[in-house]
Amino acid sequence: AQKVTQAQTEISVVEKEDVTLDCVYETRDTTYYLFWYKQPPSGELVFLIRRNSFDEQNEISGRYSWNFQKSTSSFNFTITASQVVDSAVYFCALSEGSNSGYALNFGKGTSLLVTP
Amino acid sequence: DTEVTQTPKHLVMGMTNKKSLKCEQHMGHRAMYWYKQKAKKPPELMFVYSYEKLSINESVPSRFSPECPNSSLLNLHLHALQPEDSALYLCASSQDRGHEQYFGPGTRLTVT
Chain A
1 AQKVTQAQTE ISVVEKEDVT LDCVYETRDT TYYLFWYKQP PSGELVFLIR
51 RNSFDEQNEI SGRYSWNFQK STSSFNFTIT ASQVVDSAVY FCALSEGSNS
101 GYALNFGKGT SLLVTP
Chain B
117 DTEVTQTPKH LVMGMTNKKS LKCEQHMGHR AMYWYKQKAK KPPELMFVYS
167 YEKLSINESV PSRFSPECPN SSLLNLHLHA LQPEDSALYL CASSQDRGHE
217 QYFGPGTRLT VT
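Protein chains in written order, with this note's numbering: chain A, 1 to 116; chain B, 117 to 228.
Be careful, since some hints might not be right.
[Said to hold, decoys possible] Just the calculated beta-carbon pair ranges, DEER-fashion:
#  : chain 1 : residue 1 : chain 2 : residue 2 : range
1  : A       : V13       : B       : K157      : 29 to 39 Å
2  : B       : E160      : A       : E17       : 31 to 41 Å
3  : A       : E17       : B       : V128      : 35 to 45 Å
4  : B       : P177      : A       : P41       : 23 to 33 Å
5  : A       : V14       : B       : E168      : 48 to 58 Å
6  : B       : H195      : A       : P41       : 25 to 35 Å
7  : B       : K125      : A       : D55       : 15 to 25 Å
8  : A       : T20       : B       : K156      : 14 to 24 Å
9  : B       : K125      : A       : S12       : 28 to 38 Å
10 : A       : S71       : B       : V128      : 18 to 28 Å
11 : B       : Q211      : A       : I60       : 19 to 29 Å
12 : A       : E10       : B       : E160      : 14 to 24 Å
[Unchecked claim] Under 8 Å between C-beta atoms, here's a sample of chain B residues computed to sit facing chain A:
#  : residue
13 : V164
14 : P177
15 : E216
16 : P221
Honestly, the hints are just simulated from the structure, not real lab data. For glycine and all other residues, C-beta sits at the position ideal for the given N, C-alpha and C.
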């Protein structure tokens with residue numbers, strides 16, 4: 001069963017638009033961690049954020065913000081004023097102690113294309 | 117410094133060859149990982165080393181053999197691979213399991 005669902009396969013926006021990438025997860029653990037990674041065309045996975053299950057505070061880092069809601073099992077990622085350099089595949093991932101000892105379980109990814 | 121290095125960047129090998137992929141980190145991380153990523157798919161976990169001991173093997177065929185010579189190095193030995201093993205092989209490390217993983221640039225492997 002898919003534990004992390006990223007329903008948006010591809011999103012295309014024009015530069016300076018805001019865009020939200022959705023992530024819904026499924027777990028029975030009370031302690032778990034959620035992550036977002038960016039994979040540009042070069043291929044390297046870049047860590048963006050980690051949240052633990054006990055910290056529902058939203059976070060903002062520059063143009064990036066994350067909305068964690070346990071009530072809906074969602075961990076959405078918003079890019080404000082998108083730029084061409086934001087074009088990449090974005091993966092949401094879940095880490096649980098009951099699953100391979102906190103190994104990362106990735107969603108299928110959302111491919112974001114930002115055009116000038 | 118959050119750098120994980122991997123060599124080689126590209127590798128082409130025949131089905132009868134033996135080769136090794138190398139990964140190194142100097143962040144003092146105690147967990148290291150191998151992932152396999154096919155085109156347009158998410159990374160799939162292969163192996164986890166925790167404190168230099170193999171802790172997770174995700175039912176990977178024996179033609180892939182991991183090795184952790186010390187806390188900074190992780191190798192993946194390849195032997196008698198199949199064309200379907202062609203993929204991007206990613207190494208990652210983390211302070212401990214459950215912490216954020218930092219990925220290397222990957223080795224793009226082609227099996228002919």
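Going through the hints against the structure:
1. A:V13 x B:K157: 29 to 39 Å: Distance hint for V13 (chain A), K157 (chain B) is violated at roughly 24 Å.
2. B:E160 x A:E17: 31 to 41 Å: holds (32 Å)
3. A:E17 x B:V128: 35 to 45 Å: At roughly 41 Å between Cβ atoms, V128 (chain B) and E17 (chain A) fall inside 35 to 45 Å, so the hint holds.
4. B:P177 x A:P41: 23 to 33 Å: Once the Cβ atoms are compared, 30 Å apart, the range 23 to 33 Å for P41 (chain A) and P177 (chain B) holds.
5. A:V14 x B:E168: 48 to 58 Å: For V14 (chain A) and E168 (chain B) the Cβ distance comes to about 49 Å; the hint holds.
6. B:H195 x A:P41: 25 to 35 Å: Check passed, 31 Å falls within 25 to 35 Å.
7. B:K125 x A:D55: 15 to 25 Å: Given about 37 Å between the Cβ atoms, the range is violated.
8. A:T20 x B:K156: 14 to 24 Å: holds (22 Å)
9. B:K125 x A:S12: 28 to 38 Å: holds (30 Å)
10. A:S71 x B:V128: 18 to 28 Å: Violated, at about 50 Å.
11. B:Q211 x A:I60: 19 to 29 Å: Because 24 Å falls inside the window, the suggested range holds.
12. A:E10 x B:E160: 14 to 24 Å: Given range 14 to 24 Å: holds, Cβ gap about 21 Å.
13. V164: holds (6 Å)
14. P177: violated (18 Å)
15. E216: Holds, about 5 Å.
16. P221: With a closest approach of 5 Å, the P221 (chain B) hint holds.
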